[in-house]
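Undergrad: Just need the whole structure built from these sequences, with the hints factored in.
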Amino acid sequence: MEQSLEMMRKRHAYYTQLINGNNIRTAKAFYNHFSELFQMLGTDLHLYENCVGISITYELDSYEEYTITDGIDGGLAIVSPIVQYQYMFTNRAGNIFEIDHLEY
55 MEQSLEMMRK RHAYYTQLIN GNNIRTAKAF YNHFSELFQM LGTDLHLYEN
105 CVGISITYEL DSYEEYTITD GIDGGLAIVS PIVQYQYMFT NRAGNIFEID
155 HLEY
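My numbering numbers the first residue of the sequence shown as 55 and each following residue consecutively.
No lab work stands behind these hints: they were computed from the structure.
Warning: the hint list may mix true and false statements.
To be verified - Straight line, CA to CA, 16 Å or less: simulated EDC-like cross-link-like pairs of lysine to aspartate or glutamate:
1. 64 to 154
2. 64 to 152
3. 82 to 103
4. 64 to 119
5. 82 to 98
6. 82 to 124
TA: Encoded structure:
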């Protein structure tokens, strides 16, 4: 898989589409609905107390982690624009819609 800002934005849009298309309102509902699909795709979903982490691992232990949180006031669940990532052993996090390149 490719680790780039463009691909991060596409993944964010895809996860948002999954939420909108299935009327998912909580992180737990996202996990329950999609855990098997993500497992088949080789992507890890982690259910935490108030969110779900979507972890994609690349070679050399590089990764990306997206966060799904409960919707506000009963609204649809939210994909955070803050993505945590590691490249060449350097951990970073950033709002993928406010930066123009990944810092390595």
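Undergrad: Look at each hint and say if it fits the structure.
TA: Results of checking the hints against the structure:
no., hint, result
1, 64 to 154, "holds (15 Å)"
2, 64 to 152, "holds (15 Å)"
3, 82 to 103, "holds (9 Å)"
4, 64 to 119, "holds (14 Å)"
5, 82 to 98, "holds (15 Å)"
6, 82 to 124, "holds (8 Å)"
In this structure, none of the earlier numbered hints is contradicted; all agree with it.
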